[in-house]
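**Q** Hints given; two lone chains; assemble the complex.
Heads up: the sequence lines are chains A and B, in that order. In the numbering used here, each residue carries its 1-based index in the first sequence increased by 6. In the numbering used here, each residue carries its 1-based index in the second sequence increased by 601.
Since the hints were derived computationally from the structure, they do not count as laboratory data. Even for Gly, the Cβ is constructed at its ideal location relative to N, Cα and C. Be careful, since some hints might not be right.
To spell it out: a stretch of chain B is covered by chain A in this simulated footprint if at least three of its residues, at any positions, have a beta carbon under 8 Å from a beta carbon of chain A; those stretches are [to be verified]:
| # | segment |
| --- | --- |
| 1 | 629–638 |
| 2 | 643–651 |
| 3 | 697–703 |
Straight-line Cα separation of at most 16 Å, EDC-like style, residue types lysine to aspartate or glutamate; simulated pairs [as the list claims (entries may be wrong)]:
| # | chain 1 | residue 1 | chain 2 | residue 2 |
| --- | --- | --- | --- | --- |
| 4 | B | Lys695 | A | Asp90 |
| 5 | A | Lys19 | A | Asp104 |
| 6 | B | Lys655 | A | Glu59 |
| 7 | B | Lys669 | B | Glu616 |
| 8 | B | Lys695 | A | Glu88 |
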Amino acid sequence: ETGVTQSPTHLIKTRGQQVTLRCSSQSGHNTVSWYQQALGQGPQFIFQYYREEENGRGNFPPRFSGLQFPNYSSELNVNALELDDSALYLCASSTNRDGTQYFGPGTRLTVL
Amino acid sequence: KNEVEQSPQNLTAQEGEFITINCSYSVGISALHWLQQHPGGGIVSLFMLSSGKKKHGRLIATINIQEKHSSLHITASHPRDSAVYICAVRVTGKLIFGQGTTLQVKP
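Only chain B is shown next, with the shape it has when bound in the complex (with noise of 0.2 Å):
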């Protein structure tokens, strides 16, 4: 079993619709890391918790430490949100890593 479980694996939307996106892990952490990583490799950081709830934007990022559960909500969708987000823990100075979500959003 992974360290790091995200779930779905693949998420197909329409525009405007409401999505979450889960992580789960195992092990004792620091922080989590929510990040996106479009075609061609580009990986960028979206938030860091430790505890509590983040928004940017369209995007919200909850954490339940006791639960070793997160979660990455979009609002309003749009297709330019279509992309891979992974969740990354830090363990004693190093990210483990979830598979990955990849994120279709249809216009």
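Same shape as in the complex, but just chain A (with noise of 0.2 Å):
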């Protein structure tokens, strides 16, 4: 156990439709890192927020956004869903930009 959960953990949405994930951190980490992991593939990352401001994002389009908060907890919104928006999705969280990072178990979402 990590100590870090998200939801909900399936979701199933059709194209064109807008999804909002969510995340809890561990109390104390100021850092969440969100990744995309497609069926087969390594995760690639969408963004960081560090004390709830973007400090990095990845290769993904402006229709991915995100938000931390200041309770540990962040979100990850997707607007105009696309078939190849299917994937799972992961948070992870750290004490600090470069530490060890903390993953949930993820939210599978599907997009028919």
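**A** As structure tokens, this is what we get:
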């Protein structure tokens, strides 16, 4: 158990819809990173938040956005869903921007 | 060419065998992580390395910064070690992941 939780565990949406995924970090973890993992692939970095501000972003379009809250929770929002957005979405928290990351169990998103 | 390459992609071993998984990278890094992912998705961080060698139980991780290469070794492998092992490098605040090595240890 890493102490990082994600909700929901599974989600089915249709193309064009919007989705919000949630992550609850360990207390004291001021950094959260979000990753997308397509089936059979390694995770891809979406973005990182540090003290409620975006601290780095991977090669994802602006329709992927996030928020981090003072209570160590965070959100990943995806607008205008596409079929290729179907993946496992992982969040990981850490005590600083370069520290060991503690991963949540992931949210599996299916876009039909 | 991917910035992080792992080999082999798939590995089958008999219980008790010594296992090595390799990771090569082509970018400057501040640290390298070895991660374990079980079916269903959960990822556990095994090691974070910036130099030398680390050991935890039956797992050993080494890194050669000059050669841009790291290895993960498992001694006395066990069926419960069956999982996907992922190498990830830290570059300016983000992690770049390898494709993973799927390990199956047979009893």
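**Q** All hints are to be evaluated individually against the structure, with a verdict given for each.
**A** Here is what the structure says about each hint:
1. Here the segment 629–638 of chain B counts 4 residues with a CB under 8 Å from a CB of chain A, which clears the bar of 3, and the coverage holds.
2. By the rule of at least three residues with a Cβ nearer than 8 Å to a Cβ of chain A, the coverage given for the segment 643–651 of chain B holds, with 5 such residues.
3. Only residues whose C-beta sits within less than 8 Å of a C-beta in chain A count toward coverage, and the segment 697–703 of chain B has 5 of them, enough to reach three; the restraint holds.
4. Of the pairs offered as hints, the one joining Lys695/B and Asp90/A is violated, with about 22 Å between alpha carbons and a cut-off of 16 Å exceeded.
5. A hinted pair counts as satisfied when its Cα atoms are at most 16 Å apart, and Lys19/A with Asp104/A does not qualify at roughly 34 Å.
6. A distance of roughly 33 Å separates the Cα atoms of Lys655/B and Glu59/A; the hinted pair therefore is violated under the 16 Å criterion.
7. For a cut-off of 16 Å, the pair hint linking Lys669/B to Glu616/B is broken: about 30 Å separates their Cα positions.
8. A C-alpha spacing of about 25 Å is found between Lys695/B and Glu88/A, which places the hinted pair above 16 Å, so the restraint is violated.
Of the numbered hints listed earlier, those contradicted by the structure are 4, 5, 6, 7, 8.
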